[in-house]
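Trainee: As you go down the protein sequences, you meet chains A and B in turn. Using this note's numbering, the first residue of the first sequence is number 1, and each one after it goes up by one. Using this note's numbering, the first residue of the second sequence is number 111, and each one after it goes up by one.
Calculated from the structure, these hints are not laboratory results. Don't take each hint at face value.
As the list claims (entries may be wrong) - To be clear about the criterion: a stretch of chain A counts as covered by chain B if any three or more of its residues have a C-beta under 8 Å from a C-beta of chain B, and this derived list gives those stretches:
| no. | stretch |
| --- | --- |
| 1 | 12-23 |
| 2 | 43-57 |
| 3 | 100-107 |
Claimed, not checked - SDA-like, lysine to any residue: derived pairs with alpha carbons at most 20 Å apart:
| no. | chain 1 | residue 1 | chain 2 | residue 2 |
| --- | --- | --- | --- | --- |
| 4 | B | Lys-167 | A | Gln-2 |
| 5 | A | Lys-107 | B | Gly-152 |
| 6 | B | Lys-167 | A | Leu-46 |
| 7 | B | Lys-167 | A | Asn-3 |
| 8 | A | Lys-68 | A | Asn-49 |
| 9 | B | Lys-167 | A | Leu-78 |
| 10 | B | Lys-165 | B | Asn-194 |
| 11 | B | Lys-113 | A | Asn-49 |
| 12 | B | Lys-113 | A | Gln-37 |
| 13 | B | Lys-167 | A | Gln-37 |
| 14 | B | Lys-113 | A | Thr-26 |
| 15 | A | Lys-107 | B | Lys-113 |
| 16 | B | Lys-113 | A | Phe-29 |
| 17 | A | Lys-57 | A | Leu-78 |
| 18 | B | Lys-167 | A | Glu-41 |
| 19 | B | Lys-165 | B | Gly-150 |
| 20 | B | Lys-113 | B | Thr-125 |
| 21 | B | Lys-167 | A | Phe-29 |
| 22 | B | Lys-113 | A | Thr-44 |
| 23 | B | Lys-113 | A | Glu-41 |
| 24 | A | Lys-57 | B | Thr-213 |
| 25 | A | Lys-81 | B | Ser-216 |
| 26 | B | Lys-181 | B | Phe-205 |
| 27 | B | Lys-163 | B | Ser-185 |
| 28 | A | Lys-68 | A | Ile-17 |
| 29 | A | Lys-107 | B | Pro-149 |
Yeah, the Cβ is synthetic: ideal placement off N, Cα and C, and Gly gets one too.
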Amino acid sequence: GQNIDQPTEMTATEGAIVQINCTYQTSGFNGLFWYQQHAGEAPTFLSYNVLDGLEEKGRFSSFLSRSKGYSYLLLKELQMKDSASYLCAASTGGGNKLTFGTGTQLKVEL
Amino acid sequence: DVKVTQSSRYLVKRTGEKVFLECVQDMDHENMFWYRQDPGLGLRLIYFSYDVKMKEKGDIPEGYSVSREKKERFSLILESASTNQTSMYLCASSFQGGNYGYTFGSGTRLTVV
């Protein structure tokens, strides 16, 4: 079966850097997505990694190691609006089917 | 502005009722998905479709069925609603292939009493 693990909660300070880790065990792995979900809202796409290495997009970066089944999302210069749930999702099979982790609730404090 | 539209934001139904949740996308996406989201369990895939009149079971299809008569519309049906189907239901769509992320609808919070 498919298994994706990420921490349940994290707390960080405004202006700081936080790293949210995700480990996965899946078959037919294509790539790894990160989504952001604010309370009461739909998830929105943040990043996608298919090759090993770091993808940078503004304040957000995402890393993938396929051999280790490991990814992380790095958020820099944290802002209060970054308080949200961050979902790790593995794409598997031929049809872009996503299996999601349970999400990491990030709280940014002053 | 491209989007996925779910017909209801909040819905309250009685046990045993037949419930229809509608989802429409305007992006010409081939793939459409229905998930439910519950605290501590994350998003779990109920059903998905890669083409018109095509459907495949996800991880938790029991108690649900789907219909896709047109490319842009994907309906989730609860044949006989039960209290354990109280949840947030999210519809999503995407292009074919493994490189494309989903676009999600805003969700339907269904309460079965």
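Trainee: Next, verify each hint and record whether it holds.
Mentor: Here is how each hint holds up against the structure:
no.: 1; hint: 12-23; in the structure: violated (count 0)
no.: 2; hint: 43-57; in the structure: holds (count 5)
no.: 3; hint: 100-107; in the structure: holds (count 4)
no.: 4; hint: B:Lys-167 <-> A:Gln-2; in the structure: holds (15 Å)
no.: 5; hint: A:Lys-107 <-> B:Gly-152; in the structure: holds (18 Å)
no.: 6; hint: B:Lys-167 <-> A:Leu-46; in the structure: violated (27 Å)
no.: 7; hint: B:Lys-167 <-> A:Asn-3; in the structure: holds (18 Å)
no.: 8; hint: A:Lys-68 <-> A:Asn-49; in the structure: holds (14 Å)
no.: 9; hint: B:Lys-167 <-> A:Leu-78; in the structure: violated (39 Å)
no.: 10; hint: B:Lys-165 <-> B:Asn-194; in the structure: violated (23 Å)
no.: 11; hint: B:Lys-113 <-> A:Asn-49; in the structure: violated (24 Å)
no.: 12; hint: B:Lys-113 <-> A:Gln-37; in the structure: holds (16 Å)
no.: 13; hint: B:Lys-167 <-> A:Gln-37; in the structure: violated (25 Å)
no.: 14; hint: B:Lys-113 <-> A:Thr-26; in the structure: violated (30 Å)
no.: 15; hint: A:Lys-107 <-> B:Lys-113; in the structure: violated (28 Å)
no.: 16; hint: B:Lys-113 <-> A:Phe-29; in the structure: violated (27 Å)
no.: 17; hint: A:Lys-57 <-> A:Leu-78; in the structure: holds (14 Å)
no.: 18; hint: B:Lys-167 <-> A:Glu-41; in the structure: violated (25 Å)
no.: 19; hint: B:Lys-165 <-> B:Gly-150; in the structure: violated (27 Å)
no.: 20; hint: B:Lys-113 <-> B:Thr-125; in the structure: violated (32 Å)
no.: 21; hint: B:Lys-167 <-> A:Phe-29; in the structure: holds (19 Å)
no.: 22; hint: B:Lys-113 <-> A:Thr-44; in the structure: holds (12 Å)
no.: 23; hint: B:Lys-113 <-> A:Glu-41; in the structure: holds (14 Å)
no.: 24; hint: A:Lys-57 <-> B:Thr-213; in the structure: holds (19 Å)
no.: 25; hint: A:Lys-81 <-> B:Ser-216; in the structure: holds (19 Å)
no.: 26; hint: B:Lys-181 <-> B:Phe-205; in the structure: holds (12 Å)
no.: 27; hint: B:Lys-163 <-> B:Ser-185; in the structure: holds (11 Å)
no.: 28; hint: A:Lys-68 <-> A:Ile-17; in the structure: violated (23 Å)
no.: 29; hint: A:Lys-107 <-> B:Pro-149; in the structure: holds (17 Å)
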